[in-house]
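Novice: Add chain B to chain A, keeping to what the hints say.
Keeping their order, the protein sequence lines are chains A and B. For what it's worth, my numbering labels the leading residue of the first sequence as 2, then goes sequentially. For what it's worth, my numbering labels the leading residue of the second sequence as 2, then goes sequentially.
Hint data in this document are derived by calculation from the structure and do not stem from the laboratory. Take the hints with a grain of salt, since some may be wrong.
SDA-like cross-link-like pairs, simulated, lysine to any residue; straight-line CA separation at most 25 Å [as the list claims (entries may be wrong)]:
hint : chain 1 : residue 1 : chain 2 : residue 2
1    : B       : K144      : B       : E51
2    : B       : K229      : A       : R20
3    : B       : K41       : A       : T21
Part of the chain B face toward chain A, derived, beta carbon under 8 Å [claimed, not checked]:
hint : residue
4    : H27
5    : S47
6    : K87
7    : L201
8    : C205
Have a look at the derived ranges for each label pair, beta carbon to beta carbon [unchecked claim]:
hint : chain 1 : residue 1 : chain 2 : residue 2 : range
9    : B       : E224      : A       : A55       : 27 to 33 Å
10   : B       : E238      : A       : N127      : 37 to 43 Å
11   : B       : Q110      : A       : A197      : 43 to 49 Å
12   : A       : Q104      : B       : T241      : 47 to 53 Å
As the structure is a prediction and not an experimental result, all values here were calculated from the model. Beta carbons: idealized from backbone N, C-alpha and C, even for Gly.
Next come the chains, spelled out residue by residue.
Protein chains: 2
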Amino acid sequence: MTNPTAAMLVIGDEILSGRTQDTNTHHLAGELTMHGINLKEVRVISDDPEPIVAAVQILSATYMHVFTSGGIGPTHDDITADCIAKAFGSHIDIRDDARAILQTHYDAQGLTLNEARLRMARIPDNAILIDNPISKAPGFTLKNVHVMAGVPSIFQAMLASVLPTITGGEPLVSETYRIERGEGEIAAPISDLASAFPTLSIGCYPFQQNGLYGANVVIRGQEPGLVKEAMTRLKAEFPT
Amino acid sequence: MTNPTAAMLVIGDEILSGRTQDTNTHHLAGELTMHGINLKEVRVISDDPEPIVAAVQILSATYMHVFTSGGIGPTHDDITADCIAKAFGSHIDIRDDARAILQTHYDAQGLTLNEARLRMARIPDNAILIDNPISKAPGFTLKNVHVMAGVPSIFQAMLASVLPTITGGEPLVSETYRIERGEGEIAAPISDLASAFPTLSIGCYPFQQNGLYGANVVIRGQEPGLVKEAMTRLKAEFPT
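Next comes chain A alone, as it looks inside the complex (with noise of 0.2 Å):
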């Protein structure tokens, strides 16, 4: 069997004045070379629409997975969404569903859904949303487009949803376990577990809540029994 195919898109402006390093690509290789995924080609371009729609279209038609970061907050240069449209002629506003999920998380925390806000609820039609556990707006998957964040934690915890539900070269079980306490608790006991399950991957998603720290812990391997058995033990160490 040959492996799917997959190219990553980073985009932003921040990465090609060389203010910030990129590391959400060497996440996503580790990631998708564990999920049996060849990635073959990385582009980073800047926040203009033409390159986008542009590397979007030949990207997208010529792997079978095309993973973006970057451009999907409220501010004015967050226009990935809007460029993912166009590459597909697709329609693309303010969705119903995108926007519950706002409105349930800014009225939590007494904060108002303003039309800044409300630009991460802009959705293509038929896009599939993609969980974001860490600050809620969700990234989206369009066909082969899969359109996460740049802050690298909540890259990564997009990416950890919506990894298990391509088809890699080899299955990859994963377990996702809610623990309601500050990452700097749990951060020693996580890392042991690591060690002791090497063939794993352990990752620790931390969120904030009403002035609530916690963390999703996904742990996720090849092999379900194991998986089974580290997550039995992160269980006994942390009981609900």
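Specialist: Chain B only, in chain A's frame:
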């Protein structure tokens, strides 16, 4: 004046597999920004002739300068030099000037300039050698493509050799302001600011630290006075 444009081409399966994190792009981006050259695009591709030749041709035709890293060592998978020659229809063989540099280097160490090492003397006709003060095997410039090593210390040394030979533009002035408020709250005023200063690039980069949400707002431009004016207005809007 419009600044020169550039692209980076990273050649390396080890980056795509997640084994190694590319740091050359970040270094290049910072150096180019200081030199007044706008890095517009980065591509990472695998060690295969076809994608290398195709990428060199398109990037060389699109941008004023192309910088490559990787694939110029002594092993069978170091195919960059031959691919660059092919992209431009140039003749390539072991060149006397490059061979002399290697001969001196290996003689001094009592080592043989064997067939593998001689591969590093394969340089296209009409290319200008790029000095490598670290491990001697030279890079080269052919037309507007600057071919350099993948090892970061050598890449950096080669870039230091080649950059002074390239005419730069106006260095880009950049100022950053940290605002400890959610992006959704500051998006509208920053969008207004971007509209008021259309020649400046105003980017908003959110962060999340220990449950604190905020954003770094970066104002970039070629006119220091304008950047300062926009920054003054931003600080007045969001005083610390």
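Novice: Hints first: check each against the structure and report whether it holds.
Specialist: Verification of the supplied hints:
no., hint, result
1, B/K144 to B/E51, "20 Å, holds"
2, B/K229 to A/R20, "18 Å, holds"
3, B/K41 to A/T21, "15 Å, holds"
4, H27, "4 Å, holds"
5, S47, "6 Å, holds"
6, K87, "19 Å, violated"
7, L201, "12 Å, violated"
8, C205, "4 Å, holds"
9, B/E224 to A/A55: 27 to 33 Å, "30 Å, holds"
10, B/E238 to A/N127: 37 to 43 Å, "39 Å, holds"
11, B/Q110 to A/A197: 43 to 49 Å, "46 Å, holds"
12, A/Q104 to B/T241: 47 to 53 Å, "31 Å, violated"
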